Amino acid sequence: MARSTSTPKSGRPTSGRRRSERATMLSVIGLVAGYRDGGRVLDGVELRVSDGECVALMGRNGMGKTTLLRAVMGHLRPDAGRIRFAGQDITGRPPYAVSNSGIAYVPQGREIFKDFTVAENLLLGLIGKKARGAVIPGSVFAYFPVLAERRRQMAGTLSGGEQQQLAVARAIVSRPRLLLLDEPAEGIQPSIVQSLGATLRQIAHEEKMSVLLVEQNLELVLAMSARCLFMENGRIVDGTDTAVLRTDAALLDRYLAI
Amino acid sequence: MQQALIIALDAANFMLALLLVTLGLAIIFGLMNVINMAHGELFLLGAYIVVAVDRGGGSFWLALLAAPVALAGIGLLMEELVVRHVYHRFIDTILATWGLSIVIKQAVIILFGPTAQQVSNPLPHALSIAGAAYPLYRLFIMAVALLVAGATFLLFYRTNLGLAARAVIANRPMASSLGINTRRMDRFTFAFGAGLAGLAGAVMAPLMSVDPQMGVGFLIPAFLSILVGGSGTLLGALLGTTLIAGASTVVSSIWTQIIAQVVVFSVAIVVIRLFPQGLTGSRR
Amino acid sequence: MSAPRIGVAMTIGVWVVLAAAPAVLNEWRMSQLAQLVSYGIFAMSLSFVWGQTGLLCFGQAIFFGIGAYVMAALTKGMLHGWPSGTGFGLVAAALVPGAVALAAGPLMFRGRGLSGAYFAIVTLAAAVIVERAASHWDWIGGFNGLLDVPPLRIPLGGRPIELLDTVPVYYTLLAAAALVYSVLLWLERSPRGTVLRAIRDNETRTSYFGVDVARYKTFSFAVSGCVAGFSGALFATQFGFVSPALIGVPLSTEVLIWTALGGREVLLAAFLGALLVRSVESALSGALGNYWLLALGALFVLTVVLFPAGLFGRVLALPLPKRMRRG
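Chains as they are written, first to last, in this note's numbering: chain C, 1 to 258; chain F, 1001 to 1284; chain U, 2001 to 2327.
Among the clues, some could well be false.
[As the list claims (entries may be wrong)] Some chain F residues flagged as far from chain U (calculated, every beta-carbon gap over 10 Å):
no.	residue
1	M1001
2	V1082
3	V1250
[Stated by the list, open to error] Okay, the calculated bits of chain F under chain U, using three or more residues with CB under 8 Å as the criterion:
no.	segment
4	1091-1100
5	1128-1139
6	1223-1230
7	1259-1267
[To be verified] A few chain F positions that, by computed beta-carbon distances, are all more than 10 Å from chain U:
no.	residue
8	V1051
9	L1161
10	L1238
Just so you know, these hints were derived from the structure itself, not from any lab.
Here the structure is a predicted model, which means the values were calculated and not measured.
Even glycine gets a Cβ: it sits at the ideal position worked out from N, Cα and C.
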């Protein structure tokens, strides 16, 4: 059941526009969700991702970052607040409807289908979307050549880094407008993190994707995002240009150190 | 030797008929995590459709085609009206479907009466196999079951729809995140499973005395097959069904049916206890 | 009045009404009510194992039936060398099914254990088999069962006196029900009961606290088996005969319906569920009975979907034990 996005492909803004003029791709307004003994997991989250922007979200474990992504994706119903994507209110829609509006999700732990082949995993990224047909675009293999080599292999036999590439490839194969990434660097060797960061940056730029990146790994955050938000106890409490983080350790100390 | 052949054929017969029931149950459980306690009654309805058409003077072959279609419709109705409201409460799906089984059974009793009905055998000939005369109709059942089971496997393992279904079985939230419409999948799954059960009931009707209590007699072996074989894959259902049906037939040919039931049940419990994931090691 | 206080008031009210029943009902209805009370105790047994511990048992009648058969066999003197008095019969009728549950428990709950759904299926299959086996076992009467089960005999003045009058029988049954109710309620409100509910709500998490989940489940299963067997024995003395109808799937299904409709998590609600459903059933007879069963099935489905707490669950719910209330 494919949903037609309100903005046609040709309407994507060019990279020449100034940031203040860019349309808002995702806005989360006053989101309240989930209950933990003694408090809410999301306690009034406010954030915006502009078209073509990559925003990083950092914070300690248990602050609600994953829950936020899951709420945007429709895996849990918020108790209050709204989520707007590309001009539409997507609050409370089931995950497949959110996906078909043009948001793709790479969850923590990747969650690839281990007993399916690489090709099948990629195909599954397309199956639900009528408009896209069932042909995997060649660009995906251009970004991740190792997947082309291993397309007939069982996904469970891939290495950690390759599985991560598969998870991302599967997400972008349907050419989403917004990509939600939950700790893509987790469990990956530092050398691979670097190349992953570069590839992701390239993809976001070339495919004109906006990205909301939840990440603890500073390297990846610096490589990919222009803006960084900090989350604490279910709220966004601070934000800065990522460039600042290269030199100023104070913010990181405050929001990441245990 | 001849006796052994007959027993083997009977075992294959029971196994293939049971397979149709088990497959439907396994697909519904695997994909929706719903234990459909009404599945035996869906089988029952298939048989009673044959009875109804027979009473109305229609041809058996017509009934055989109508039953799965009708049952698919009924399955759809059940899913839409009841199941989808409770499937997040796992234990309550058992209760709700059990309640539906009572409703269906009572409806059948009201419409057809509580006593057993007979349907005439549409293929009353026998085929000579290795010197023994084996009923042609039983061979027909096996052929139909093989064909349908084969088609089901093809559907699941060779089509995009099947791929999507297997993805939902493997990881429902992730499949949904990829855009696979799980709501539609649920409807299709339940209808398909019900259709399979209806076909099994229709095709078995001429062999059995059709009475309102026959549902449970297929429900339990089907469940045991899934538990023994492993509920994560269709192959688990296939393996479990083979073992349960084979053991039942063999034991009941040596002793009585009751003893067969007790023995098979006890052995199944032990196997499940030792292999909680089933023999194929795959559990949802 | 706050909700818990309503619960206390209603609970007391129910017992008062039950105690006063003989004043308003005629003899025939009284004897009916007495039988219903046995069923009510039966429903309480299921409420304990299902409502409190989360174990959905599709074969609860197995225990009821075993209790009934044990009572019948003993009091009819079929077991030579064993006492044939009411008292011994009742105790044995409670202990034998309890022992069966105790033995079956480790098989089902240890190791990876049987999750809720598998437990339901296994108990269903067991009920089918036990019913068939009982129908074929000639010593206990096979399909026809055992007739002429003696009524309750109370030892008064050195000689056992048969309770035949409806009012004494009724009050004996009511006293038994009150006794069972008190014991089960006490268990529920004890720390052990809290653990059982924790297992019901989140088994994995409870096991992380070091709780031996299998042992608690077996305990709950055994207790409910004892109570069910006890109620079966009581029923047998009133009904006068036992048959496989008391031990298989149909009765297991019925008690499930009573408990679900009444309110699985509240003992008295389940008790009332049994009384209500059963009394309506005996009021409707014959062909109407089939329509009634159809309606009952539909009502059951509706209850599961829309009223998981049952019809009386909320109104009879008692306040938490003092030690568990906050502030």
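Okay, the hints, checked on the actual structure:
no. : hint      : result
1   : M1001     : holds, 32 Å
2   : V1082     : violated, 6 Å
3   : V1250     : holds, 18 Å
4   : 1091-1100 : holds (count 8)
5   : 1128-1139 : violated (count 0)
6   : 1223-1230 : holds (count 3)
7   : 1259-1267 : holds (count 3)
8   : V1051     : holds, 18 Å
9   : L1161     : holds, 27 Å
10  : L1238     : holds, 19 Å
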